[in-house]
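**Student:** The chain contents come next:
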Amino acid sequence: MGTFSTLLLQKTEILEIVKMSIMVSGSATIISAFIGIPLGAWMGLTDFKGRKVLLRIVYTLMALPPVLAGLLVYLLLSRSGPLGVWESLFTPTAMIIAQCLLVTPIITGLVAAAIAGKEGIIFDHALSLGASQMQATWTIIKETRSSMTAAVLTGFGRAFAEVGAVMLVGGNIRHMTRVLTTSIVLETRQGNFNIAVTLGIILLIISFVVSSIVLSNADEFKMT
Amino acid sequence: MNLFEIDEVTKKYGSRTVLDIPELKLRKDRIHAIMGPNGSGKTTLMRILNLLDTPDTGHIKFLGEDLENLQGRHLDVTRRMCMVFQRPFMFHSSVFNNVAYGLKIRKVSRPECEKKVKEVLDFVEMNSFASQLATRLSGGETQRVALARALVLRPELLLLDEPTANLDPSSVKHIEEIIRNWHQQYNTSVIIVTHNLFQAKRLADESILLINGKVVEKGKTHDFFNNPQAEESKQFLDGTMVY
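For the record, the sequence lines run as chains A and B. The first sequence begins at 46 in the numbering used here and counts up by one. The second sequence begins at 15 in the numbering used here and counts up by one.
Treat the hints with care, as some may be off.
Covered stretches of chain B (in silico footprint by chain A; criterion: 3 or more residues with CB under 8 Å from a CB of chain A, positions within the stretch not fixed) [to be verified]:
no.	segment
1	33-42
2	113-120
3	161-169
Simulated DEER-style distance windows between Cβ atoms [to be verified]:
no.	chain 1	residue 1	chain 2	residue 2	range
4	A	PRO110	B	THR71	31 to 41 Å
5	B	LEU89	A	PRO127	31 to 41 Å
6	B	LYS118	A	LYS97	27 to 37 Å
7	A	GLY162	B	ASP80	34 to 44 Å
8	A	SER261	B	HIS236	58 to 68 Å
9	A	ARG190	B	LYS234	41 to 51 Å
10	B	HIS73	A	SER261	30 to 40 Å
11	B	LYS75	A	SER257	28 to 38 Å
12	B	ARG150	A	GLY236	21 to 31 Å
Read the hints as simulated data drawn from the structure, not as lab findings. Don't be surprised by glycine CBs; every beta carbon is placed ideally from N, CA and C.
Chain A with its partners taken away, still in its complex shape (with noise of 0.2 Å):
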């Protein structure tokens, strides 16, 4: 009951985190799907020299710690920094630069992953029926669709449950910058075990209506 008063104290401001939380994670998804898919999709499809090397550095990067990608976010953008013109530090946007570090990586692989593995087969039948190599290629793209969205899903999940990199690059301020990861951990810091396991289960069913939502209109799941 004193758990669901205090909830109720700081309604406004934990929607304010849940806002931030999903603006920044989802802009970094967007951000990511975007040049992520055409990239994935590149490698997936083309035979290119060096596909392998540059295949093997983006699964490297797919495990990248997220304090590592903060680190590096932070070292761009402090003020004796390459990037220290922008005066980013400690807002909104280093933590969504922070997370498509993390994010991109993820999609472009598991893209070019999903293409490869059916590239072969649905580019034979597709061509043995008729199709341009151009038609095969969209062919091969529309048949990975699912995969795609996969894609997306997981790198969103990556984005909105991470700590390490947005705790770095956005300072955990309050108004500002603070997220559902971060002020879970705070709150477990403060001995506010309550809240913090609240807070950890709106992560989870935001996560889970999210997955809901896109899986809806996946077509894996629905007749076209």
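Use these hints to put chain B onto chain A, whose structure you have.
**Tutor:** Frame of chain A; chain B shown alone:
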């Protein structure tokens, strides 16, 4: 008229020669069965004939046209033939959309497309499945949709790569009937790769035995099965060939 004239065609994967055919002529309007053990080059040959792969050396003529010098007419030629694969990939859509795929990319009008798809689905007895998701069909149904997807395009040549592998006897019979009926009705040339000797006997006008990438014997199906000339053919037919 010759459907294909194959001259000095070879294909290597690494250092391994998978196809080495000095000369082979296939006649138009016939059903040809290509048989041979695993790894004998049957699928490689089919892929080359379907222009999905190119030979390392040699020349191939399709209905008198040299496939080497198509000069921008590649698509025109490939659209005269169609291959059905051993494990057909169904696009993640309805049976109707799968069968209509080739027509749509040829920009056939919607009413014409619907009419043709309906006709061909009737032919393969799959009309009641038109709105079903193609990826959820059984093996036999999938193969019938794959056949319909090819037949709707009215190709001059139908390439069938083991179309009845892993199917139950009733589905095999059904597929064979579709192939036979279509061939009789439209005089479409058919090349079928099969491991099933009885199927070759039942369907083919001419049979070809391929071993280690080489044509060991080619002849009328009746002669091939009743009076094989090559020692390998005899061993292949009586099951004593060890491979």
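**Student:** If a hint holds in the structure, say so; if it does not, say that too.
**Tutor:** These are the hints, each one checked on the structure:
Closer than 8 Å: that is the beta-carbon criterion, and the segment 33-42 of chain B has 0 residues meeting it against chain A, so the requirement of 3 is violated. As drawn, the segment 113-120 of chain B meets chain A at 4 residues by the rule of a beta-carbon pair under 8 Å; at three or more, the given contact holds. Counting residues of the segment 161-169 of chain B whose CB lies closer than 8 Å to any CB of chain A gives 3, which reaches the minimum of 3, so the coverage claim holds. At about 53 Å, the beta-carbon gap between PRO110/A and THR71/B misses the expected band of 31 to 41 Å.
Between LEU89/B and PRO127/A the CB atoms are about 50 Å apart, so this pair departs from the stated range of 31 to 41 Å. A hinted range of 27 to 37 Å for the beta carbons of LYS118/B and LYS97/A is consistent with their spacing of about 35 Å. For the pair GLY162/A and ASP80/B, the supplied restraint of 34 to 44 Å holds, since their beta-carbon distance comes to about 36 Å. Restraint check, SER261/A to HIS236/B: a C-beta distance of roughly 59 Å satisfies the suggested window 58 to 68 Å.
At roughly 49 Å, the beta-carbon separation of ARG190/A and LYS234/B lies within the given 41 to 51 Å, and the hint holds. Take HIS73/B and SER261/A: their Cβ atoms lie about 55 Å apart, and the range 30 to 40 Å is violated. In this structure, LYS75/B and SER257/A break the distance hint of 28 to 38 Å, their C-beta atoms being roughly 58 Å apart. Between ARG150/B and GLY236/A the beta carbon distance is about 53 Å. The supplied range of 21 to 31 Å is therefore violated.
Checked against the numbered hints given earlier, the structure breaks hints 1, 4, 5, 10, 11 and 12 and satisfies all the rest.
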